[in-house]
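Protein sequence lines correspond, in order, to chains A and B. Okay, so the first sequence: first residue is 2 according to our numbering, each after it adds one. Okay, so the second sequence: first residue is 1276 according to our numbering, each after it adds one.
These are calculated hints, taken from the structure and not from any lab test. Think of the CB as a built atom: it goes at the ideal place given N, C-alpha and C, for glycine as much as any other residue. One or more hints might be untrue.
Distance condition first, Cα-Cα at most 30 Å in a straight line; then the derived DSSO-like pairs of lysine-lysine [said to hold, decoys possible]:
1. Lys1285(B) with Lys1847(B)
2. Lys1869(B) with Lys1454(B)
3. Lys5(A) with Lys139(A)
4. Lys2070(B) with Lys3(A)
5. Lys3(A) with Lys2077(B)
6. Lys89(A) with Lys139(A)
7. Lys1290(B) with Lys1847(B)
8. Lys5(A) with Lys2077(B)
9. Lys1869(B) with Lys1293(B)
10. Lys1299(B) with Lys1285(B)
11. Lys2077(B) with Lys1454(B)
12. Lys2070(B) with Lys5(A)
Pulled a few chain B residues facing chain A out of the computed Cβ check, cut under 8 Å [said to hold, decoys possible]:
13. Pro1320
14. His1321
15. Arg1325
16. Glu1397
17. Met1557
18. Ala1801
19. Gln1995
20. Phe1996
21. Leu1997
22. Ala1998
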Amino acid sequence: MKIKGESEFKASQQRVWDLLLDPEVISRCIPGCQELKAVGDDAFEARLRIGIGAVSGTYEGTLRITERTPPSRYAMVFEGTGRGGFVKGSGHADLRAEQGGTIVAYECDVEVGGLIASVGQRVLEGVSGFLVGQMFSKLQGFAREEAA
Amino acid sequence: MAARNPSIGKSLKRKEDKRLLVGKGTFADDLKFSHLSHCAILRSPHAHARIRSIDTSAALAHPGVFGVLTGEEVGRISRPFPTGMPTRLPYYSAAVEKARYVGEPVAIVIAENRYVAEDACELIRVQYDALPAVTDPEAAAAEGAPLLFEELGTNVVNHRLLSYGDIDQAFDEADVVIKERFRFHKYSSTPIETCVAVAQYDDATGVMTVWSNFHGPYSLHSFVAKGLNLPENRLRLIAPPDIGGSFGIKIGIISYLTLLGLAAKKTGRTVKWVEDRREHLMALNSGAERTADYEMAAKRDGTILGVRARYMDNNGAYIRAPEPANLYRTTGNTPGGYRIAHLQIDANCVVTNKSPTGPNRGYGCQQLYYCLERMVDLLARELDADPAELRLHNLVQPDQFPYRTPSGGLYDSGNYPAGVRKALELADYESLRRQQAAARRDGRLVGIGIATGVEPCVSNMGYLNIAFPPEQRAKRGFHGKSGAGEAATIKMDPMGQVTAILGSAPSGQGHEILVAQVVADNLGIAPDSVTVVSEMDTFTRLWTISSGNYSSRFASAGLSAFAEAAVKLKEKVLRVASNELDIPIERLRTEDGKLFVDDATEPVMDFRRIAGIAHWNPDSLPDGMEPGLQVAHIFNFTPARIIDEQDRVNSSNTYGFIAEIVMVEVDRETGEIEFLKFVSVHDAGVIINPQRVEGQVYGGLVHGIGGAMYEDLAYDENGQFLAGSFMDYLCPTAMEIPPLAIGHTCTPSPFSTVGTKGCGEGSAMTAPAAIANAVNDALSTTGVQINELPLTPSKIWTAMWKAGAAEGGEAATVSAPATSPGS
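Generate coordinates for the entire structure from the input sequences, incorporating the hints supplied.
Following this line, the structure appears as structure tokens:
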């Protein structure tokens, strides 16, 4: 599954960069995120509680930043497991300044296995897009607060 | 002597009806046990992965957990299941070292209840190293594909090139040769009741008892025993009186019987497991997916000379008995109802990272007839011939029976042209063609599809040997197979009442009333008075190695056993009576439980008196006669012979016939199919109970419609299973089923004692072909052809859209280009 999109921020590129890579901020923006802690340079452990279709459950996993070109691009790999099966994938985000704000273009390749795949495939893309949208709208909120 | 008021041929109501309708049936889940423990199975979320480690400590520490059995331990304490082919595969009841499909059992938790067991499953930590997966049979057979069993060096685990006649000569003499590639998809059945198993091990006697809704074939009893590493006389399988459907796929339960047995032995507890629907869809048997390349050679006059085909069967991750028989079960009926003298089948059994396959209502025939009947339609189009006329031209003729096919099938009886003509008549074919022409003038996409099929029933175990090449079969020590038997036990008690005891476990077909009808008519009593016992117990019942409820065998194998047993019992009754009355046996007849002399209307004695003598007073019996009135009888089909050196085998024992005509309209805007006509004509030989046959015909047809248009066990490219619920796996409901016009012809089987053939699989074999032919006929004006299933609206719409979008409306074929078979 591919998740792809753009999100527009009314903040400087540097500020958006800082937000996106702040575990504290990110953990408050990812829907259902119960914990996100740094476990080394550019490595994080996370615990999320998500419901997709009829399947809800807790997922534990790791995320590693594999590329970091401040303030314009970073890439990561992630994997997690839980009652609903496993998720693994990679993605990257490109930041660019535009009309006084910042555009974040993101792209993820996600492989989902187990229970979610077998009963949730129909809704998976929709739900994923929705969750990512929720995360970015919270981030935009943070950016506005900081800008104010 | 025929009964004066026969019950055979009447639609008597099922003996099972009342108990089922008021909720008093006894299914496997209803069986009561004391001190029961419950199991949940942890399954692989990966299509292909090495299992690095399994940590069960947290699960074992969980309150209420009695034990955990991992695949690693299963590998140590059990033996791999036998495979009915030369190549051996390490197939166990749980994943050992590697998981090879999504849903493969990795561990089983035994706990005080299912909730605790499920929770504990979540506490098991399994570390997997994911491996590349392969899901397509051709991709799996290609050089460099990920290997499921590295030690074999290939994913093609069984291959036979079967040649009958002179195929090269057929193609040399042909005026016309057509080629096509087909893809038949993976789908299953949806019995209302999923699998249930309860296992108990007695360490004092060493006897393992397993209660389950396993309906046979009991040839697999030995597989479970081997898996459990037990002598066969230490394994007792018991089935309850009621089973909520099987359609063949429940044969896959044998691996769970083994797993539960191991769990029972390990914990010393009586353990129970009930399969949930998702487990059922993702890990029990399904029918095999097949990619097939076909070539057909014909004369200009429409005579089909030969068929050459290459089957690539996707049998999933393991070869689960009786696979690879999807390739071979149809051997005898390879040419269908046609006189095709030259045949060549390049049969390939391929393992991939999908769930294992097995018999699914029609076993191999839906794949066979889908391809063959599409080819006949393509030939008709090539020759500009009417598809009905072309079929009539090639059918086996009524005076040719019993008819020996080049591949060894012995078609017992039939009148195939009569079946096709009856279907044409019921459909009013001429009128349908006129309606179609008119609809086409209006720009509508209306098509007519015809399919025929020979319905093989009562498998001859001999076909299982085809997986072995002749040189291997010729070796000393090779175990050749043959036979198709069934057992019947009938007792007349001291009061003259009759009890008939089955040697197999029915799964909802209504066998009890059929037995009552056949026993009653052959004995001279009323069907109501016969008590039929339909549980199964391998320790106490009379059964044969081929016994079981599969291959549409009960109506002929089962009822023949009962008919012959009833005749034997009647002979005993008459012998006692003759001795008592001092009247020759020839002058006595039985009716309604009484004895009459010659044409007298007043009885001279009733069965009660005779039974009383036989049981209570053996001293007065004729010399040499054993006391009591009991018959234990085994029936075996004599045409069930061993395979010959040229790979010819009579793979079944009775052969019915099906002719179907379907008219559809395809919606240009949505790709949806609407049925305008559905005619289905069957020859099931003598019909014992028309209502029972009608039920089977409907069931098979609905299943065929499901396979053609809805049901699809879909996987993504990584081998992730996508159809784990009824939201994802579409089954047709009453809303999707058109009005059906059903007709019958009857050619009694000379090999079955009661003249019956089977009808349990029926249109599940032919409806996909008939529907595909109708849809392709409808689409023919658009230049579109679709040679894969299921025919979903999106698939049809996409193909039409592509054709319309192409320059000049060029044809789009939704399948890969045809390649030469065997190349």
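Status of each hint after checking the structure:
no. : hint                       : result
1   : Lys1285(B) with Lys1847(B) : holds (28 Å)
2   : Lys1869(B) with Lys1454(B) : violated (65 Å)
3   : Lys5(A) with Lys139(A)     : holds (18 Å)
4   : Lys2070(B) with Lys3(A)    : holds (22 Å)
5   : Lys3(A) with Lys2077(B)    : holds (25 Å)
6   : Lys89(A) with Lys139(A)    : holds (24 Å)
7   : Lys1290(B) with Lys1847(B) : holds (27 Å)
8   : Lys5(A) with Lys2077(B)    : holds (27 Å)
9   : Lys1869(B) with Lys1293(B) : holds (29 Å)
10  : Lys1299(B) with Lys1285(B) : holds (26 Å)
11  : Lys2077(B) with Lys1454(B) : holds (23 Å)
12  : Lys2070(B) with Lys5(A)    : holds (26 Å)
13  : Pro1320                    : holds (3 Å)
14  : His1321                    : holds (6 Å)
15  : Arg1325                    : violated (15 Å)
16  : Glu1397                    : holds (5 Å)
17  : Met1557                    : holds (6 Å)
18  : Ala1801                    : violated (52 Å)
19  : Gln1995                    : holds (4 Å)
20  : Phe1996                    : holds (5 Å)
21  : Leu1997                    : holds (5 Å)
22  : Ala1998                    : holds (7 Å)
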